[in-house]
Amino acid sequence: MREETMRKLEVLADSAKYDVSCASSGVERHGTGRIGSASLGGICHAWSSDGRCISLLKVLHTNRCIFDCAYCVNRRSNDIPRASFTSEELAELTVEFYRRNYIEGLFLSSAVENDPQETMEKIVRTLCLLRKTYGFAGYIHAKLIPGADPILVRQAGLLADRVSINIELPSQAGLAALAPQKKPALLLAPMRQVHREISGYLEDKSHFRHAPAFAPGGQSTQMIVGAMADTDYQLLQASAKLYRAFGMRRVYYSAYIPINQDSRLPALNVPPPKQREHRLYQADWLMRFYEFEADEILDRSQPFFDLEFDPKIDWAFRHIELFPLEVNRASLHELLRVPGIGPTSAKRIVRQRRLAPVSYEGLSRMGVVMKRARYFLTCGGRFCGDVSMYPENIKNKLRRQDQRGQYQQLSLF
Amino acid sequence: MFYLYDGTFDGFLCCVYAHYYQERADGIRIKGGEQMQLFYEKVISTDYTISHRVFDGLKGRLGQEICEKIFRAFLSDLPGKEMMTLNYIILCLKGGRGMDVYRTHPDILAVQKASECVAREAHRFLGWLRFSDIQGVLYAAYEPEADLTGLIMPHFADRLRHERFILHDRRRKKAGVYAKGYWEERPFDRDLRMYRSAGEIMTEEAWQAYFDHIAIPERENRKLQQHFMPFKIRKNLTEKITCP
Ligand code: SF4
Chain A
130 MREETMRKLE VLADSAKYDV SCASSGVERH GTGRIGSASL GGICHAWSSD GRCISLLKVL
190 HTNRCIFDCA YCVNRRSNDI PRASFTSEEL AELTVEFYRR NYIEGLFLSS AVENDPQETM
250 EKIVRTLCLL RKTYGFAGYI HAKLIPGADP ILVRQAGLLA DRVSINIELP SQAGLAALAP
310 QKKPALLLAP MRQVHREISG YLEDKSHFRH APAFAPGGQS TQMIVGAMAD TDYQLLQASA
370 KLYRAFGMRR VYYSAYIPIN QDSRLPALNV PPPKQREHRL YQADWLMRFY EFEADEILDR
430 SQPFFDLEFD PKIDWAFRHI ELFPLEVNRA SLHELLRVPG IGPTSAKRIV RQRRLAPVSY
490 EGLSRMGVVM KRARYFLTCG GRFCGDVSMY PENIKNKLRR QDQRGQYQQL SLF
Chain B
946 MFYLYDGTFD GFLCCVYAHY YQERADGIRI KGGEQMQLFY EKVISTDYTI SHRVFDGLKG
1006 RLGQEICEKI FRAFLSDLPG KEMMTLNYII LCLKGGRGMD VYRTHPDILA VQKASECVAR
1066 EAHRFLGWLR FSDIQGVLYA AYEPEADLTG LIMPHFADRL RHERFILHDR RRKKAGVYAK
1126 GYWEERPFDR DLRMYRSAGE IMTEEAWQAY FDHIAIPERE NRKLQQHFMP FKIRKNLTEK
1186 ITCP
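Residue numbers (our numbering), protein chains in the order written: chain A, 130 to 542; chain B, 946 to 1189.
Next up, chain B with everything else stripped away, as it sits in the complex (with noise of 0.2 Å):
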């Protein structure tokens, strides 16, 4: 059987469920908006509590460390990553924690992979990310290749508790929002950078001044600068990396 499902975590651990107690999964997929539905395609429609029975059952028998891996693998940007999590959880299963070992099984080793893959990208975000204070809430901007949100926010929610902040992700048109101890993911496609105020600009040059006098010219080394920050982040990013 074909499952289609709404592209969600817990979508795809109601697919999970089906593939145990109804019927085995040959593939899962996100459902298109208009497409035909075949016959031996089925529509999977995402009930938190069959995704959070799934979900604590995985973590009584796997425990927290392979939870977490699953988790990551499924927000990593590669096509087919639904069938890899699902081959990754049945070898689990099957073979109880210690099956994490063998990372010389290709399906272990794929979502070991797209785990490590998504944390390194994650990461790196913590450090990448710029916000701009617009009228006293702090809005960041990024386009990640993993969706990252849910795994960034924590972090930020934790050290800037006292702030409202916004972390947009372009690429998805959806933000995580924070606010007064909480937050929430929710559709966003706005950008607020266009409304910083002159002092906002001028402790933005501030910074900027300092990124460029902080280098030592006698130890030029772009292509390593190049190395940890890519093009590809660099419009996101407060300084402006002049080339020579």
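So that you can see chain A by itself, here it is in the shape it has in the complex (with noise of 0.2 Å):
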């Protein structure tokens, strides 16, 4: 490890580290390659002082950048350290960090030095060798730079377990008055092929088993909350857009942090809609494992989520006269529905009530909270809410539990 090296590292650390996604899930590898291996739930292997998990080693192959997008660090207009990672340092930095488990592989990302094109070709060079060269076969996210030939962009996809390419901006009108040289088209162009690619292998997997993997971790995304005035509910349009049309495996929200001066930007006071991120991501959740559409979640008549009450329970409170639901009838769709009910309990109650009906006491040892179901269900007809169903009550009950301290949200990132 050299002076210089150290040196790159912490300024390319430094500009990648406002892009949110870190997670090393979704492929599972063994036996291949000569170091390294991934494991289907991820792991994380430090957390660093904001909190967030630090599982890939996550910097920027290069910082120096011919655009000059509003929100971001490493605009050109700033003035700030600028480095550039040669292939081989980066290559050989990502191994010994990985021998040492400090991580469980690479987040390669970077900004446009001198053109796209060229700089695709260095993360695509910087992903050969790692596979080809050290034989690594650890978990790497590559970023997809918008403008790149296709070629390039499937060299990618067979070299690393997932691709992203950040939409920031969920309107045309915002990435025009943010990032004026981003053409939505050359965004959306890559996700399309990903999308596509991605089928198709798929397809090809159910015929041949040694077809080659393109991005087994699938594609994932970032937006930005709280840079320009979009509400909760374009937010969450959009996110489902992007889920349908492009199959994506994640949409990251990441809550805006002024660090650049502008006049299209909140000012630099302005601290960052951690609650709204916060939101966003438990109506995500709703979406993908809970069977709620962003419909339901929020509309044009409710444009912004409940800062008090969390979206699912506060979905149950608009939706009161389908509560109580008994618990040994209601289907698994319904169970999902009930605040304090989890996928995983909700289906510990459906097999465990084919044997015997299930006990109100037997609900907490399946793993609901029943702090805040015990409002929403009933069980064997017992209804141990305490408490007449009127929304307005239910949230006095839980405000007056939330004193108590007993009710203490981690918020996940």
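You may find that some hints are simply not true.
[Stated by the list, open to error] Calculated cross-link-like contacts (lysine-lysine; reagent style DSSO-like; alpha-carbon spacing at most 27 Å): (1) B:K1026 <-> B:K1039; (2) A:K476 <-> B:K1039; (3) A:K403 <-> A:K526; (4) A:K500 <-> B:K1168; (5) A:K500 <-> B:K1058.
In case anyone wonders, no lab produced these hints; they're calculated from the structure. Since this is a predicted model, take the numbers as computed values, not measurements.
Reconstruct the complex from the two isolated chains, following the hints.
Now the structure itself:
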């Protein structure tokens, strides 16, 4: 390790840190290559002082950028230290950190140094070095550079476990205002290509066991929350569309941190809207694991999240006439709608009640959070909410619980 | 009858055998060095042919998943884990594989919880372990609550297949040692970290620098960090967490 590499690492980590994704999940791989494996659930190695998990070595290849996106630290007009890794340097650094179990792999992103093509070539070259020369079989997440040749996009997908391109803003107008050099078409084309290639790979895999894997960890993207006046409803709709149209594995949300003085953006002293970000993740979760549709969570008449109560319990308040549900009769889909019941406990309930009716006491042993669920269910006809079924009454009860400090929520990110 | 055994999983399986083929077990304990043996106590010596037979039998009747639960629950640090695990085995053998879904039964719940707890700790250590390169051998020390070495070694044996490495459990004074495709556990009680070279320390500093720079200062959240990296594991980490 040379002093020079160390200095670059500091600069290029600083420049990469605002990208929220760090997941190493979605791929299971053993016994290939010379070093490394991947584990389906992903593994977190450390947590930085902001409480975020560090799973991958998240760096930029370079932070020298010809573009000038308003929200970005690395934009051309900012006066910050600049650096670029060579492919050799970066591949060696990754393997040395990996051997020591500091990381699960590499998350390689980049600013656009001279032109998109050249930058993408450099990324692909580094991935090649890692996979082919080092025989590295750990996790790799690679950023695609808008405007790069489809052939390079394909190569990146064949080498990486996950590829991504950040949409950052949910609307064309937003993009035009804040990132005028990024044409929406240039962002969407690689997403579409990746979606097509992944479907092709999945199709081939069902016929030939050795079909070359294309981004087996899927593709992801990120949106900034609170840089423009977008409503939560718009963000959630955009996100639902991204899941549907491009088969996204994950959409990440990032509360905008004012780092640049810019009249188009919130002032420097505006705190990042962390609570909105948190609600978006919860809503996203509801869409992916709880069979909720975006329209059910928010609509035009209610375009923002309730900041006091989470979207699931908020939905229950708005549909209070459906509750209380009888746990011994409700379908899996209905159980998933009960606040305090998650996918695991819902499945446990369905499995257990085939053998014997579920008792009230049994519920918490199955992982149901009774503090919240009790207001929304009956068990063998028994209701233990100890309050009449009006949202305001239940809210007051929950507020009192919170005050006693019983209900403390850890943010996911 | 109170059975005394050597503390290993194989030894425990021999007690299970004794429970079924000799006399009902009222208690199972690790045998202490000097302790006098009382008339209602009996030392069970570990016999691998028996333990393997018991394990194969359990696997055949209860399936892989339940056997893994039994193994993990046994590795936990809980006092009385032997009887807890035995009671679970008895219930499952009586009721068949389906017994396991009765999470509402206290004996089943106890083993499931213990097993989940051990699995969780093992998973977390897959991330928390830090190796140092000591003259080409990777060395990591840790102090887990449960006896995790045997659970964790396969993961690293696969991942670091062309390396040689030592996974040192400081609490139990033993290590998993891997080289050339094979690993074994053996007694071990030396701290190899003091032999780190200057180059190794430089790599550690690079990681430390990365660790400090990747955090977003505007979003500082020490409580969350502490939740995921509790104080008790920090002394074996490479990254030094500076508190403001
Ligand atoms: S192209 Fe990327 S790195 Fe360059 S300014 Fe825009 S967002 Fe930042």
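Evaluated hints:
Proximity of B:K1026 to B:K1039 is assessed by CA-CA distance (about 20 Å); at most 27 Å being required, the pair is judged to hold. Distance restraint check for A:K476 and B:K1039: the Cα-Cα separation of roughly 25 Å lies within the 27 Å cut-off, and the hinted pair is therefore satisfied. For the suggested pair A:K403 and A:K526, the alpha carbons sit about 25 Å apart, so the restraint of at most 27 Å is met. Proximity of A:K500 to B:K1168 is assessed by CA-CA distance (about 24 Å); at most 27 Å being required, the pair is judged to hold.
The suggested pairing of A:K500 with B:K1058 holds, with an alpha-carbon distance near 21 Å, which does not exceed 27 Å.
Checked against the numbered hints above, the structure violates none of them.
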